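S.K.: Assemble the complex: chain W is given as a structure, and chain F must be docked to it using the hints.
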Amino acid sequence: MCGSHISDSPPMLTDELKKGSAEFLVLSLLDAEPRHGYELQKLIESRSAGVLVFHVASLYPLLYRMEERGLILGRWVEKAGERRRRYYRITPAGRSALEAQRTTWREFVGAINRVAGVRYA
Amino acid sequence: MRERNGTFDWRSDVRARLAGAKLRPEDEAQIVEEVGHHLEQQFEEMTPRVGQKAAREALLAQLHEREFDQAVAGKRRREAPSRARVWTSSSILQDIRYGLRSLRRSPGTLVAGSAALALGIGLTTMMFSVIYGLLIKGLPYDDPSRIAVVKFIDPTQPGVDALVPLADVTKYRTQQRSFEFLGGYSDATVNVSGGDRPDRVQASRVTRGVLDVARVRPRLGRLFVEADVAADAPPTAVLSYALWRDRFAADSSALGTTLRVDGRPHTIVGVMPPGFEFPASTRVWLPLPTDPAPAQAAGGGPVVSLIGRLRPDVPYDNANAEFKELARQIAAARPVADTNSHLRIAVLPFVRASVNPRFFTLLYAMLGAVFLVLLVACANVTNLLLDRAVNRSREIGIRTALGASRLAVMRQSLVESGILAIIAACLGMAIAQLGITLFNRAVAGAPGPMFWMDVRLHPPVLAFVVAVAIAASLVSGLLPAIQSSRLDVAAILKDESHGASSLRVGRLSRAIVVVQIAVSSAVLLASGFITRTIVELRNVDPRFDTRGITTAHVTLATRDTSRQRAFFEALARDVEKLPGHEDLYVGAGLPGTGWIAHHITVEGQTYRGDRDHPIARTLSVTPGFFQTFGVRVVRGRTIAAGDRAGTEGVAVVSESYARRVLKGRDPIGGRLRVSSAPDAPWLTVVGVIPTLFASTFDDPWPPEVLTSFSQQTGVASAALAFRGGGDGASAAAALRKIVAAIDPEVPVYGVQSMTDVMAQPLFLFDVFASMFVVFGVVALALSAIGLYAVMTFSVSRRAREMGIRLALGATAGAVLRLIARQGARQTALGMAIGFSLGMLLVRAIAASLFGVRPNDPIVLVVVAAVLGGSATIACVVPARRATRVDPVVALRSE
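So the protein sequences, as listed, match chains W and F. So that you can map any letter, position 38 of the first sequence is 38 in my numbering, and since no number is skipped, the others follow by simple counting. So that you can map any letter, position 152 of the second sequence is 1152 in my numbering, and since no number is skipped, the others follow by simple counting.
Be careful, since some hints might not be right.
No farther apart than 20 Å at their CA atoms in a straight line, the calculated lysine to aspartate or glutamate pairs in the DMTMM-like style are these [stated by the list, open to error]:
hint : chain 1 : residue 1 : chain 2 : residue 2
1    : W       : K42       : F       : E1045
2    : W       : K79       : F       : D1612
3    : W       : K42       : F       : D1612
4    : F       : K1663     : F       : D1612
Just so you know, the hints here were simulated from the structure itself, not pulled from any lab data. Quick caveat, the model's predicted, so the values are computed rather than measured.
Chain W with its partners taken away, still in its complex shape:
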């Protein structure tokens, strides 16, 4: 459990690959709706079927860094009967960054496929 980002990670997914994709993942998840840190962690974990796991030590530095760069914006929100939470939402700058990353990702995956000949059913 003391690994920096991953628990039970398959050997082929390196730390670097995840590091590079973490920001992309967060932006993609916030593109749909504002979410708080714990929700982000859970979503990444469940949607990647446990392949990608972030925890406090990696998630929050990432969020704060993204917030500082103006990609996302955190706000305290109080809901009836709940403790208040800090919700993050994507900013216009974040959205254009997301678009750029999606394009890069598609091109990258396409290139990999063409070179490595991985085929999809």
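M.R.: Quick look at chain F alone, frame taken from chain W:
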């Protein structure tokens, strides 16, 4: 490992983890809350799967990863905003947007705060624009501050300045160095004729160059030149625009034609532009020759006021010193001993010299009073904002936790008071404009208004509004701002009600209310005395009738006493033809103002010099005076028809004369002279009348002597008064016809009712006094509202305490007393301070008081009662609400 109620305190873990990171407290608070919450949730989720111990260990391990430490702490340190960033325009704009939004959410603060400030700013602005238009702006000419008057102030006769002999003008002019130009002028009213009807107008006789002082070019023609002031020059005149318009229908061919002034034709050489009335509400200017004829050289001839334009580099102090020395030299060189050695010489700016010093003091006292009202308004806003700061302590705590610096929190608070001040300044200007309109309307009918008066929202007045608004927002916002920035963030985020008490606003608000009560007591006390003065003036019994009487004046241009006598005899005879009149009076003047003060010689008394003689005001009257004005003698008889030229001279004196001049001796049968000259005729006192009101503040019931108009010689002017005779206009027309039939050159002027005559001298006072009363009422209202708000606030914060007291068996009465006692303490302290302050203000306006001494106990008691009463209501209403607190509700509420 911290454990609380079987769960772990993850926040403490996070806080401990961050301890070495030296984060700013607000950053730390945010991370602690966010990450602590995260860990707590994850712990709850993991525990059923792996057990408490394993879950805790796993999460603590995550928390202690190096990356967390470096990334979070490093980033946060970098992010700490510099001081400079707090003041960028975008962050201020953001504050303004935020301030507007949050004020919109509390309309109460917005309305109450801006209304209070608007009243304060409005009144201050209005008062300042009056002072600016009257005293500061000066004459509407080039470099007006350099236009100066040399005053010879007689300390024994305040408000009456001595004049200098015309011959001295040349001496002063040639010997002085302070003035670019120095000349003399004298005011006079003259008869102008040579058109459809004669008129009585204000004239200024000026030495050459006096008109040039203003640096205003004539609209038509020219100003006076050397040739106009030569001793043998043909008479010339320069007309004001108003006179040119009224008598010549603004026809430019009037130039070069003649205007008859006091019966002599004067060639019109120029017409001044509209509004030019320098130096004395002048309608026509006449040249004053300075050619030193023998009589003038000896100090005889006309006397004038010295006026001129100071050199740009000469300070007033230097000019003062120079003229003091010059006056001494000129007096020493006079062949006869100077009787005016007691005069004080002052070189003053024209406007300053032309305004009665008493009026000057009153105006500035009023400005002081409105500033106090503004202070009360600011105090109200301060309390509102403090109240708001408490209610928003949690919000402020969060802002601080989110990274707002102390400075930023203060700025946010100041921005909000600034927004209030801006709204208030706009409303205040509307209030000021309304006040100015009312003021201008009120003084429009004023007799002889100061011609340079121009009360508007001048640009400097607008600058004043901006300055006042900024000052008001600082004064009212700074305390709440400082208090807000001192909030204990951690305490607030834990427990709002506890955190709020760290503001300690209670004590502060109460102190502010004490100041408020003090200031408004001071203003209220002053307006109490002014109100009393107004009431006294309205209710004063002048001891003569004023109702239903029409008055008018005639003045002859001729100095020929036999022609004068013939005219007045004809007038007395013909005026009887006035249709519908009842009582009728023709005499030297009217009761009230306008009598002439004379030195009196009482037979049997010896006097060493002029100044030893008693002074009485005198008026020569005909028998009609007593009937028309309903004046009854208390002893002896009135002036009778038989008291005419050639018979024994008679006088009727007032009771105050008997008391003050004769020290209570019986005046009847005694003899007096209405002069200090030994060759003046003796008059025998034949009757005593009640003292008639003199319509003045200085000595409203002076010694008075009535003489017989018919025994008087050298009378050029007369007043008429009659009852009935139709309305003013038709009576005036009939009267003009009668007078024109006797002498077509003699104007009938000043036709007005006796009540208007009486109102005139006090007219301006009435306007200003009413303003003062408004200030007092506004101050009272504002401070009562302030006290009410603070009491309400303090009661609401103590609801829990009241609940406990009531639950423990305290009676409603006891709780009421507890709260009322607090209010009473503040009120008493405030009033004690305020009354001492108020007495200073009252002393400043003491000269403007009438019929009331500055220590009048009735005013003091009434003002104390009004203040105490308002304070009691302001305290009792919230206190009663406190007693209705349901203990259960109060205890439950946090």
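S.K.: Indicate, hint by hint, whether the structure satisfies it.
M.R.: A quick look at each hint next to the structure:
1. W/K42 to F/E1045: holds, 11 Å
2. W/K79 to F/D1612: violated, 93 Å
3. W/K42 to F/D1612: The given pair, whose Cα atoms are some 109 Å apart, is violated under the 20 Å limit.
4. F/K1663 to F/D1612: Holds, at roughly 15 Å.
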